[in-house]
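Novice: Keeping their order, the protein sequence lines are chains C and F. Anchor point for the first sequence: position 237 equals 237 in my numbering, and the numbering is continuous, going up by one each time. Anchor point for the second sequence: position 16 equals 16 in my numbering, and the numbering is continuous, going up by one each time.
Do not rely on the hints blindly, as some may be mistaken.
As the list claims (entries may be wrong) - Ranges of calculated distance between the beta carbons of each label pair, as one might list FRET restraints:
no., chain 1, residue 1, chain 2, residue 2, range
1, F, L243, C, F267, 13 to 21 Å
2, C, T92, F, D108, 26 to 34 Å
3, F, N210, C, F267, 26 to 34 Å
Claimed, not checked - To be clear about the criterion: a stretch of chain F counts as covered by chain C if any three or more of its residues have a C-beta under 8 Å from a C-beta of chain C, and this derived list gives those stretches:
no., stretch
4, 258-270
5, 306-312
These are computed hints drawn from the structure, not numbers from a lab. This one's a predicted model, so the numbers in the text were calculated from it and none came from an experiment. Every residue, glycine too, gets a C-beta built ideally from N, C-alpha and C.
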Amino acid sequence: MSPETLAQIVLTGLTVGAMYALATIGLSLIWGSLGMLNMAHGVLLTIGGYSAYAAVSVAGLPWPMGIVAALLFGALIGLLLYLGVVRWMVGTANFETNIIIASFGVAIALENSILQIFGGQPFGQPLVMRGAVDVGLVSIPYQNIIIVVGSAGLMLVASYVMQQTRLGRAIRAVSQQRDAAGLMGVPVQRIFLIVLVFSGMLSAISGVMLTSSTQLAPALGQDPMIKAFIMCVVAGLGHIGGAVAMAFALAMVEAASQFWLGARWGFPVLLTLVILVLIVRPAGLFGRVSITRL
Amino acid sequence: MPKNSDQNEQFPTQSGNAEGTPGASGLNRRSLLTGGMAAVGGAAILSQVNGPARAASGDPIPIGAALPLSGFAAADGVEFRQGLELAADEINALGGILGRPLELHYEDTGDMGADNVSQAMQRLVDLENVHAIINGYNVGTSMIEMDVAADNDVILTHFNTFISHNTKFLEDPERYYGCFQGDPPEYWYGPGFLLFLQNLEKSGAWQRPNNKLAIIPSANEYSIVIANAMRDQASEFGFEISLFETVPFPNSQWGPVLAKLREDPPAAVAITHFLPQDLAQFMVQFTSQPTQSLIYMQYGPSLPAFRDIGGENVNGVLYSTVIGALPDDFGKPYERRYKERFGENSAHNTASQTYEGLWHYSLAAAIAGGTGEPFDKEQNKKVAAAMNGLIYRGVNGATRFDPEGQSAFCYPTQIGDPSLGMPHQFLQHQDYRVQARLIAPDLYKTHDFVAPPWMK
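Could you build the full structure based on these sequences and the hints that come with them?
Specialist: Here it is in structure tokens:
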């Protein structure tokens, strides 16, 4: 294998890994901190992409307003998800299971709303930086650099909020023991609201970056949602940094498998690795096993 | 080729000969049933067959369509629906079918598959009593549509573009008498592409740098049948397969595939994957370090999304379609009507399939003396016979059904007479800001092939 080919595989792994990571951050935050598998996460990515498009291409606003629009709509959907669904289900029996079904329903409704509003034809995201820079043996598109840096940036923001702020401490308290946190004065419902809004904003901005490297289409969030789910499980719930690291590592393995074994073997190899990891470490690579005393 | 008068700017109305006066051919149902049925332009024929029944005031005729109106193929599903709407309005304006207006009913097939599609079609029969079902394409169905149509004795026209339609029809022609595929099967893409390359070389417009051909299908029946047909016949055209790589469906990251192409550059790359956004991504990633290869793709480049996402990177790309509106006196007025009604970004080529399907069925039903309700085998057999006998020149070229499968004939690979086969059109994106240009077959082409910008 020539150095050029090796460089291309590494570049593909980095780019795909960044895309997986972008998809993973919001889901990891909400799943890890609230125990809520948000099946509407994929459609939040979609809404982020379409909001930026609507602001820039339809309303004719300057490109920074595209990012602002994505943040606003991401927050709004997070808010509506809380007010319309989550608020009524927190604390009820089988919350963790029921919320999967409820948020899946929300996802279907939102995806079809996008289909009705924007039509089904895919099209390009206006917030895209064209061109590439030659680095040694390969040519790296600027857009790829943006999403790699962007995914790292979003991960740092999420990690900082979770580890270094009072809000993060409250979220972690709710995550560890919801009832105890409530008894200690942590406003559990408000924490759910804040996490949903924050996660909505993170997902929406991830969606902007993701679609700038792919395309806008009503169903665009479905595939990233599956990949994000896998990354969260294999990294261990609640470990955003671990999920992002896994996104890059598994994408690299996938890219190498696609080259050596054939393009169609990338995903099966990735899934095989995930199964092996979960057999050896059921709580995920970075997860902690919780022990419940009777 | 026929020329349109101002009058037939509204609908293609000519019949008989190129200089013919619209509506003056003295056609009637008896003459069409007893003589050769060659229809050039549906409106004139329908006007004549309808006779005084121009008001379309009788009981409506329910027509069904099982379309992917949500899910990943929703964009095409919406265009299919719009194509039906346009055709139905035009047909109804001419008196419908023997004075009875068409009434359209839709069922969503979502992400398609045999279960969704068969249930959607059955609902159309059970709830709406549809006399015919005109689908666009549905994938993953194993052609179960034909069983639903046969079990309920309704006419089915679909545009799945599958050779498996022919195979299934030939297993029991009596059972599947009412099942038609309105375009040629995907198989013809394979030999058609190789023939195109051969003709391109003969014309001197392109010289192969080596004999290598890379074929890249995705994991679905349509892509794989085409890729296999190319692979199996490549040696007859002097090519050796240097890469046969199946990619996942969908697939937007082409890095590993591009690495292989760059290691061993072929004379031509044929990508039989068909999603426009994925193909546009291929070009974005390919043009950063191109090889000296012709790039041929399947279906996706015909959609506006391909140019929109790929931008200038798509210049030079070749693609072909066995069905699409021709840029001629029939296709162009249709395109204008369609875009005036549904917007400039609408995909008239996708809609032309169901548009043509409904026109063809309506003409045949009018000639046969009317439509048949479900389970009216006697009448529906007459309609099917009329569809088989009718050679119809519409916006996509000529439709004539191959008795060995009841799919449309493909010109020039399958049949050498352009008046009897739907043209396998080869197009090239030469300027991403405008639509692709038709470069083959010679009879229909509007532009010549130009070397892609990445080839020195």
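Novice: Looking only at beta-carbon atoms, does the pair T92(C), D108(F) fall within the given range of 26 to 34 Å?
Specialist: holds (33 Å)
Novice: For the stretch 306-312 of chain F, count the residues whose Cβ lies under 8 Å from any Cβ of chain C; is that count three or more?
Specialist: holds (count 3)
Novice: L243(F) and F267(C), beta-carbon distance inside 13 to 21 Å?
Specialist: holds (20 Å)
Novice: Do the Cβ positions of N210(F) and F267(C) conform to the proposed distance bound of 26 to 34 Å?
Specialist: Holds, since N210(F) and F267(C) (Cβ atoms, about 32 Å apart) stay within the stated range.
Novice: Holds or violated: the stretch 258-270 of chain F covered by chain C, criterion of 3 or more residues with Cβ-Cβ distance under 8 Å?
Specialist: holds (count 5)
When each numbered hint is compared with the structure, no violation occurs for any of them.
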